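Chain order of the listed sequences is L and D. The numbering used here puts the first residue of the first sequence at 8, with every later residue one more than the last. The numbering used here puts the first residue of the second sequence at 74, with every later residue one more than the last.
The set of hints was computed from the structure by calculation and includes no laboratory data. Possibly wrong hints are sitting among the right ones.
[To be verified] Here are the simulated BS3-like pairs of lysine-lysine, each with C-alpha atoms no more than 25 Å apart in a straight line:
| # | chain 1 | residue 1 | chain 2 | residue 2 |
| --- | --- | --- | --- | --- |
| 1 | D | Lys-380 | L | Lys-88 |
| 2 | D | Lys-380 | D | Lys-352 |
| 3 | D | Lys-243 | L | Lys-88 |
| 4 | D | Lys-380 | D | Lys-479 |
Predicted, not measured: the structure shown is a model, and the values here were computed from it.
Spelled out, the chains give:
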Amino acid sequence: MAHVFTPKSETEAADIVRGLTAPVSIRGSGTRSGLGRTVDAEDALSTRGLDGISFYEPAEMMMSVRAGTPVSVVEQTLAAKGQMLPFEPADHRGVYGTEGEPTFGAVAACNISGPRRIQAGAARDSIVGLRFVNGRGEIIKSGGRVMKNVTGLDLVKLTCGSYGSLAVLTEITFKVLPRPERASTLVLEGLDDMDAVAVLTRAMGSAFEVSGAAYLPAHDGEPARTLLRLEGMASSVRDRMTALQTVLSSTASIRILDDDATAALWRDVRDGAFVAMPADNALWRVSVKPTQGPALIAALADIPLDRYFFDWSGGLVWLSVAPTGDAGAAPIRAAVSELGGHATLIRAPDHIRRSVDVFQPLPGALMKITSGIKQSSDPRRLLNPGVMYPGI
Amino acid sequence: MSAIAFPPVDAAIVARRPAILAGLAELVEPAGLISSEAEMRAYETDGLTAYRRMPLAVVLPATTEEVSRVMAFCHANGVKVVPRGAGTSLAGGAIAHEDAIILGVSRMSRVIEIDYPNRCMRVEAGITNLAITGAVSPDGFFYAPDPSSQLACTIAGNIGMNSGGAHCLKYGVTTNNLLGVKMVVIDGTVVEIGGGALDSPGLDLLGLIVGSEGQIGIVTEATVRILRSPEAVQPVLFGFDTSEEAGSCVAAIIESGIIPVAIEFMDKPAIEICEAYAKAGYPLDVGALLIVEVEGLASDIEAQLAKIVAIARLHNVRVVRESQSAMEAALIWKGRKSAFGATGRIADYICMDGTVPTSQLSYVLKRTGEIVASYGLRVANVFHAGDGNMHPLIMYNINDPEEQRKAEEAGNDILRLCVEVGGCLTGEHGVGIEKRDLMHHQFSDLDLAHQMRIRSVFDRSWLLNPAKVFPLESRHLETA
Ligand SMILES: Cc1cc2nc3c(=O)[nH]c(=O)nc-3n(C[C@H](O)[C@H](O)[C@H](O)COP(=O)(O)OP(=O)(O)OC[C@H]3O[C@@H](n4cnc5c(N)ncnc54)[C@H](O)[C@@H]3O)c2cc1C
């Protein structure tokens, strides 16, 4: 019978890991359990019992939370003090059709980062401290609660984005930002891929501090939309919006969205809402240089690509592919090795997830390092074995 | 006299020096191998000049292939390797010893590719920090992290130490501005991690490499993010009667939701030293000084400055000097940027680098003064206040062993205090040899063992910069 361990404290989590006789999958609320490869484990360890904000100092723009704390609680607490998460983590419930409250531990473990990454960095850039239990059942800390810290190896970065393969996170400390007074979006209509990315990269290369740069191709009667978001003091957003339009000098028809429309639209960009349906399609996220976004799409003319869109100025391409064959794995990976970058299969029926590489395969030397790190952190291979690569 | 120990020199390696030199001579062109004592002098120390050790040899390869061959050779022969950029480390991170070669990347300093649409640039690792910005500034771009040593220090060293600078409050430090590296690991294998895309597949090895102080591999190329320079920047200078007032003004600015590009702090001794040297026109009748810089469109700057000045007034600011021209702005920065050099002219000094939560700044400043005074020494404080990264400069006489011991002990007391109030031993200079033996104050044995095991994945026999970062007597913990 599958068992779910739900420790209530960090010490209890360490005791549980030390006592394990078989591997466990590690989960928060399971709203993103489709991320990564399928884990070879009967039992699970849930961080849901490690709940609550342990430290919040608005004047220092720092917060620490236990791994099972719902993201919504974090966001509401910050909003009450006029602050926010810099890296805009996606909510994957729409994409996976799951229910429950996404936890902060999973955001850190999977380095979940949204549109604002192009300006404010990823989750791994804001997270400055971690506490975790390694596969030996030892409680380890790295980093702290200050922004600048080079004391010892940066295990914070290494562990963020390790998908639970190296450790059970117990507490995460991160930097926050003041919530901007105004957020506006410039929408340019009717551009094709190439022209859109030219506009996006030109805007990103300006001094106007664009905090979102995305492209939604024409769909269902909606014209193609090229989106540029500006945030900050109201007067500053107004002036930058004018200056940005002058620099772009595009002939496309233009609209400007207000705060509410901006918030709703970027939430959809963040969560991949434009490619969430049909729910049984495979979903890929491909990272390339921004200018290579259109080239990637052009290279995929022969696969059953239903929909796609660009975030990160063209550098993040979301693809929705019919779930036949390998769901485009071979041609996508071939195109990516040609263009530079990497592709992650983030949603697919189980048989495809089991038969194709979910993460981009690594060159031999890096694979050897990766498995060495797994071995040193989790020598008994108890934590999420196989979530990233076979055995890792 | 040295308080900081080095591991015992491996006599067998030293005895084989002629054969090792001969072997190395076959791997690099003649200009790339330095072995005479006279020429090696320039490499016997770094920015931590109180410590000097002659290396076995200095190797300066011109290509990644040469680096790879040298690494494979050293690995096969059990020769230790100390990576070096420009040797400006203040933590002794680039100091070698008699049984180790220095492997420097200073001859690899080309710009390989500039890619404006993708806001990135690929360079060889020996390029100086300032030359990176120099290559793109004619087109209106810059590389953000700006250590005050930027004229000399290399991107390789910046990656080694995760270096910061005055403008990191807004733009982050090296790790937030690096997209990829080419690196040679201990057995000579060349790996590429990341590149022009925002992330790379698999574990975040790039994040692990930054700040690893030359213990993981030799970085030979880097892809960095470049940004468009703001339309305008403007510093404002504030003078306060006391450090406490300046400290609470810093906290209030941050709390208000404005993020300036920089908030720099100087106490009275620092103001006097810098003013005497740089003639920046700093007020001499104040107890503390802040330089706050904002940037953006001209109209933005006005609005931000108005808010900031209003906050300063609430904290009893006595002198407010807004720069009216580029020249005045440069003058405001000139004093701050020359702080280390100016201090060096009047005394020897060691520079501490602990970071504390900004709410603790005033308290730690006060205690720092008391601690240093209790050793009968003087201190000047000049630092990045916005992110709590303190730089007490403890002045002493390098030729007086007793004073050196006192200065180091005072420094250690200050760093322990930084950890006690919730901060860390080093914000941007790295651990090196200098803070190695204090690591216990911040980390448990388990924490250290976990880090050392990860380190060993890259270098099982600890040949890469082995005397650094981890306390010598803790090495056994790894296998415990
Ligand atoms: C006057 C002065 C002012 C300074 N101001 C600042 C400041 O404002 N902010 C700041 O952060 N620092 C500052 N520093 C410290 C120092 O300049 C930085 O640590 C800098 O990044 C070191 O660069 P470097 O090229 O001199 O590297 P080095 O001193 O040669 O080496 C630094 C570390 O990196 C490793 N390393 C070097 N090259 C490689 C490589 N190719 N591959 C792997 N590892 C390598 C070395 O082994 C060593 O551990 C200052 C120093 C001085 C002397």
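* Asked: Is the hinted pair D:Lys-380 and D:Lys-352 satisfied, with a Cα-Cα distance of at most 25 Å?
  -> Measuring from Cα to Cα gives roughly 29 Å; hence the hint is violated.
* **25 Å Cα cutoff - pair D:Lys-380, D:Lys-479** => Judged against 25 Å, a Cα distance of about 44 Å means the pair is violated.
* Is the straight-line distance between the alpha-carbon of D:Lys-380 and that of L:Lys-88 25 Å or less? -> It holds: about 19 Å lies between the C-alpha atoms, which stays within 25 Å.
* Asked: Given the hint that D:Lys-243 pairs with L:Lys-88, does the C-alpha gap stay at or below 25 Å?
  -> Judged against 25 Å, a Cα distance of about 20 Å means the pair holds.
Consistency with the previously given hints fails for numbers 2 and 4, ordered from lowest to highest.
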